[in-house]
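J.: One-letter residues, chain by chain:
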Amino acid sequence: MSFRIGATVLIGHNGNAIQSYGFKKKRILGNLQKVLKFLDAYKVDEIHAIVPFKGKGDSGSSRIFSHLSELSISTPLGIGGGITEINIEEITQDPFFERCIFNSAIFNNPELLQKTKSIMGHQSMVASIPFIIDDNLKIYHSKTNSFQAINDELWEEIGSNFNEVLLLDARAEGTKKGFNFQVFKYIKFPIDRILISGGLTKCDINKARKMGLAGVSIDNFALHSEYSIEALR
Amino acid sequence: MVNIIDVGLGNIRSIEHWLDRSNLLCKRVPDVESITDDVIIIPGVASAGEYMRRLKKTGLDKEIIERSGQEQKIIGICLGFQILTDYSEEDGGTECLGILKGSTKYIDEHKTHNGWNSFYLDTRKLSKNMHIKKKQKKIASGRVYFNHELKVELDCKAYVKSTGDGVTSFAIQNNIIGFQFHPEKSQKTGQELLELIV
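From first to last, the protein sequence lines stand for chains A and B. Heads up: take any position in the first sequence, counting from 1, add 104, and you land on the working numbering. Heads up: take any position in the second sequence, counting from 1, add 893, and you land on the working numbering.
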């Protein structure tokens, strides 16, 4: 199976595409439709369109996804951020996407994961895991907007509920400082089902390919045309 | 007017966009009464158990089987291809439509098959009884997108192409066409393919 070069697009609450830096600062990139059309034309292998939830009660995801469904793009699309029991029926009733990306449900909502699996199929399930490493690995929980330790039981749940994991180096996000590969000391998930994101350099992308990872998801590199997708393949 | 089966599951909107990009008209078919004699597309992105349950509830299962015997062109995509077989291992075992003799099994060691593989179809290689219209353009080639955990194993005579890792990529048996990949999300190649088959 070929190594995938995907792109992550973060969506602001006003429906614009945004760029996040180090999981903190944000900058508006522009009209979401234009950004997605650009990536489609650029022939990235897949697009991850995420509405950052970050503890908000109502992220407006349903409205944003409804807007997204009108876009005619020919690139595989995964969506995430603010998918809940309340809007899951609505979102999956008329899907314009192939994959669902979850974060907070990983921790405490097996019912939502089960429901999505029964509607969309297990192959569609992607876990988004932003992480930091201090003394140990901590992963982000969007509902509480905090980084938490992860135990074996949770890895087991992730292993059974998800087809793939998207690992985001939160501290390197939006930079070129390099992805922190130390994270693989802590990961208990098949390596060939992992995509990485955050701080990726050309060297990191080559390393990920050699390691046998499923692929990478690049952020502002693709959006600013700094690298050629074809050259990275 | 292409019929897209709509039981409230599957990436129907993506299929509509795909057809629209080639200026093909389509309609959603939620029940037996809405179906017409044109091409039928069964979309993917769902699980076999729930999809078959809803097909049976609407009676569309029997209607599709009957129409397949009357030489109406039927195109199954991903799960839509898998449920054309007799049986799928998904959801603890699911009885499927049985239009293509064979079964759908988990990929060895429960591996997953996500990403892009090369694709090549030369319609001149197909026998005359296969329902591919004669067009000026004869070949579609490039790369196509896969995202699945189960694979089709056919036990019938059909034109079948597999990927290098032993996954049935697509099969054509007269009026029945199945794609394991997602042509609607396969960029330029998917569009070229659509123009060959519909």
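There could be a bad hint or two in this list.
[Unchecked claim] Derived, one-sided and incomplete: chain B residues facing chain A with beta-carbon distance under 7 Å:
| id | residue |
| --- | --- |
| 1 | ASN904 |
| 2 | SER907 |
| 3 | ASP930 |
| 4 | SER940 |
| 5 | GLU943 |
| 6 | ARG947 |
| 7 | THR951 |
| 8 | HIS1003 |
| 9 | THR1005 |
| 10 | LYS1078 |
| 11 | LEU1087 |
Read the hints as simulated data drawn from the structure, not as lab findings. Where a beta carbon is used, it is the ideal one built from N, C-alpha and C, also for glycine.
J.: With reference to the structure, classify each hint as holding or not holding.
T.: How the hints compare with the structure:
no. : hint    : in the structure
1   : ASN904  : holds, 5 Å
2   : SER907  : holds, 5 Å
3   : ASP930  : violated, 26 Å
4   : SER940  : holds, 4 Å
5   : GLU943  : holds, 5 Å
6   : ARG947  : violated, 10 Å
7   : THR951  : violated, 15 Å
8   : HIS1003 : violated, 10 Å
9   : THR1005 : holds, 6 Å
10  : LYS1078 : holds, 5 Å
11  : LEU1087 : violated, 10 Å
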